[in-house]
Amino acid sequence: MIALLTGLLSTAVLAGGVLSLAALGEVLAERVGVTDLGVEGLMSLGAATAIMTVIAVPDPWLGLLAAIAVGAVGGGVFAFAAVIMRANQVLCGLAITFLGLGLSATIGHSVAGMPAPVTFAPTRIPGLASLPVIGPAFFAQNLLVVPIYLLLPAFFHWLLFHTRHGLNMRAVGENPAAADAAGIPVVAIRFWYVVLGAALAGGAGAYLSLAVIPSWSEGMVSGRGWIAVALVIFAGYRPFNAAGAGLLFGLITAIGFLGQARGWPIAAPVLNMLPYLGTLAFIILPVLFWKRMRQVMAAPAALGTPYYRSVR
Amino acid sequence: MRFQRFPTAPARLVLAWRAAALFAAALITGVLLALSGRDVFELLALVLKSTVGSRFGLEDLALFMIPLILTGSAVTVTSRIGLWNIGGEGQFYLGAIGAAGVGLYMPGPPILVLPAMAAAAMLCGVAWIAVPTFARAYAGVNEIITTLLLNFVAGLLTYWLATGPWRDRVTGALASTGRIPVAIPEIWGVVHWGFPVALLIACGLAVIMTRTSWGYEVRISGANPGAARYAGMPMRARVIAVMLLSGALAALAGMFEVAGTVHRLQGGMADNFGYLGIVVAVLARKSCLAVIPAALLMALILDAGIVLQTQQLAATVVLAITGLVLLLIAIGDELAHYRPVAPVVRPASPRLPPASKTTI
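Respectively, the protein sequence lines represent chains A and B.
Note that the UniProt record's numbering numbers the first sequence so that position 72 is 72, with each residue one more than the last.
Note that the UniProt record's numbering numbers the second sequence so that position 288 is 288, with each residue one more than the last.
It should be emphasised that the hints constitute simulated quantities derived from the structure, not laboratory data.
Cβ atoms here follow ideal geometry from the backbone N, Cα and C, with glycine treated the same way.
Keep in mind that a hint or two might mislead.
As the list claims (entries may be wrong) - Non-contacting residues of chain A with respect to chain B, defined by C-beta distances greater than 10 Å in every case (computed):
id, residue
1, L8
2, G76
3, N88
4, A105
5, T106
6, L151
7, F155
8, G183
9, F240
10, I252
11, A267
12, P269
13, N272
As the list claims (entries may be wrong) - Sample of chain A residues at the chain B side, in silico, Cβ under 7 Å:
id, residue
14, A87
15, A95
16, F98
17, G102
18, R124
19, W192
20, L196
21, M273
22, L280
23, F282
24, I284
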């Protein structure tokens, strides 16, 4: 039983890391008031870039770095259109998704199906790894797991809720006009946090193609970016909740894997539907049954609206 | 010269900026293709010859336009009420499933089976968008994400049906259902009656949206929800009706694809038509009639993609080009709001003597 639980949690942590990291990035973008629907495309670009980098130079960290850089560049294009030019955020996000999916499949065509020559191998963290259940799940995985679930959420939580800069960020997302009047550089803050969020989405792609599914194939992201965007709503725009939500959906995926491995009498495609249906249930049901949550977990007030200094 | 942002964008400016955006997209694509060592002008000539320059090209264009008009209309009707149906892909699949189910298992003459297929398809599409619709109408849940998530479920469902319960035992290797015995009759080459029907539907929607009080209420609910509520318009009922209509339209595209073009149900058959419908709707700028030329443009891009594919370029280049077009058009549409205005001439005010510095 313990072995089963440990196995399940390990798989969940591994698979959920993609969602956690991307959702964390999206939390940053949405906290400053920008809906970035390009996550799916950026993730795909990151995944393809990472694989192509490690095929050229066999170092997973270099692959991760390249994916983060490509994510940042893609995010820069999005932020240029949506924040500086103030074009429709939904459209720009969809455009980046199309662009990212198309571009990654085109450039990754030559390496499709090739296994990654190097991956983020599991490493035991001395001491912590021998904890029951939690040890193998969190501290004997690849070295990205602890940053994704613990260090990054802790840092961004501190940044958002315990620093003046974080207060400024939230002000930009809630009421950009007031923030502007208070002398906060609205456009600069929006631009750079959208870029940072996109960089994390690119990194999530690298994590996907170097740690979870160590290869590249067209369509391998298969909606993970969209699930990450949905998780941000479910997580109430909070960093730790986002990481936790990613883990929860990793668990749903893990249960699907378990079902396939154990030969449950359910077809594989039906089991594969679980994460999507789960996401749908988790963003609809809380709103229906827990009215207070709408206030506690509300979206930033200016989310999705471009800021014009002259228009009130 | 000073530029000021106006709340409205005149159609003339929008068209000009969009032309510039399309030109820029073509230029960027051309430069990238040239950098990858291809003769751009030769490719362009080839694309023109095999799309508008030949009968087969024109037939392909019309075939591509059928689903694009319908999925484009599906997104356009929701955009009129200020919502996004990004789930056209999933509703397309459900339409295909409904149509294939009836087509495979209902015996009878085509004159009876075809309408039954269309009805089943539309019912399935409506059922597929029902959860996002009611979540939006009663709980305010963001419809973009809910409709989109269901696309993946629908894709898996289609794949499962085509490779599992409905798999054809004879051509099992193809992993699709058997050939559906009835088909929409063809009118011109491979172009079937779906083409005029799709055109008629687009025109019909335009009439409903611009010439009926129902359409008026939908437009006002989208343009100014506060005013609509104040005027006592049943906004929730309109939201529900429009979203369900949208699901039915996208599903009809799936039915036409099954009954007119593919003749069987197979995994991946939606081929991004649902997503491209978003692009068509954006190009059409909320006008149901403009969906037709927008679908033509999108069909041209798709057709060009097939030509590029024969030139050792991945089919996915088209998706990237579409993204580029969409991004540049989004920027162009925003730029169209800016118009030059006369520089502010400050009246020569009598110079006041400098106020004495006061200290508090």
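Cross-check of the supplied hints:
1. Distance check on L8/A: its Cβ is at least 22 Å (rounded) from any Cβ of chain B, clearing the 10 Å threshold; non-interface status holds.
2. Distance to chain B confirms G76/A as a non-interface residue, since its nearest Cβ pair spans about 13 Å, more than 10 Å.
3. Look at N88/A: its CB is around 5 Å from the nearest CB on chain B, not clear of 10 Å, so calling it non-interface is violated.
4. Not every C-beta of chain B lies more than 10 Å from that of A105/A, the closest at about 4 Å, which undercuts listing it as non-interface.
5. Non-interface call for T106/A relative to chain B: violated, since the shortest CB-CB distance, roughly 5 Å, does not exceed 10 Å.
6. No Cβ of chain B comes within 10 Å of the Cβ of L151/A; the nearest lies about 28 Å off, and the non-interface call holds.
7. Chain B leaves F155/A outside its interface by the beta-carbon criterion, the shortest separation being 27 Å against a cut-off of 10 Å.
8. With a least CB separation of 22 Å from chain B, G183/A remains clear of the 10 Å interface cut-off, as annotated.
9. Distance check for F240/A against chain B: the nearest CB is about 21 Å away, which clears 10 Å, and the non-interface claim stands.
10. Taking the minimum C-beta to C-beta distance to chain B, about 13 Å, the non-interface status of I252/A holds against the 10 Å cut.
11. Here A267/A does not stay apart from chain B, with its beta-carbon only about 5 Å from theirs, under the 10 Å limit.
12. Separation of P269/A from chain B is inadequate, the least Cβ-Cβ distance of about 4 Å not exceeding the 10 Å criterion.
13. The non-interface label for N272/A is inconsistent with chain B: the shortest C-beta to C-beta separation is roughly 5 Å, within 10 Å.
14. With a least beta-carbon distance of about 4 Å to chain B, the hint placing A87/A at the interface is held under the 7 Å criterion.
15. Interface hint status for A95/A: upheld, as the beta-carbon distance to the closest one in chain B is roughly 4 Å, under 7 Å.
16. This hint holds: F98/A has a C-beta 3 Å from the nearest C-beta of chain B, less than the 7 Å allowed.
17. At its closest, the beta carbon of G102/A sits 3 Å from a beta carbon of chain B; the interface hint therefore holds under the 7 Å criterion.
18. Taken as an interface hint, R124/A does not check out: its beta carbon lies about 35 Å from the nearest beta carbon of chain B, beyond 7 Å.
19. A cut of 7 Å between beta carbons decides the hint on W192/A: the least distance to chain B is about 20 Å, and the hint is violated.
20. At about 20 Å, the closest approach between the beta carbon of L196/A and any beta carbon in chain B exceeds 7 Å, and the interface hint on this residue is violated.
21. Checking M273/A against chain B by beta carbon gives a least distance of about 5 Å; that is within 7 Å, so the hint holds.
22. For L280/A, the interface hint holds, the least distance from its beta-carbon to any beta-carbon of chain B being 5 Å, beneath 7 Å.
23. The restraint placing F282/A at the interface with chain B is violated, with a minimum CB-CB distance near 11 Å, outside the 7 Å limit.
24. Proximity of I284/A to chain B holds as hinted, the smallest CB-CB distance being about 5 Å (cut-off 7 Å).
In summary, the numbered hints that this structure violates are 3, 4, 5, 11, 12, 13, 18, 19, 20 and 23.
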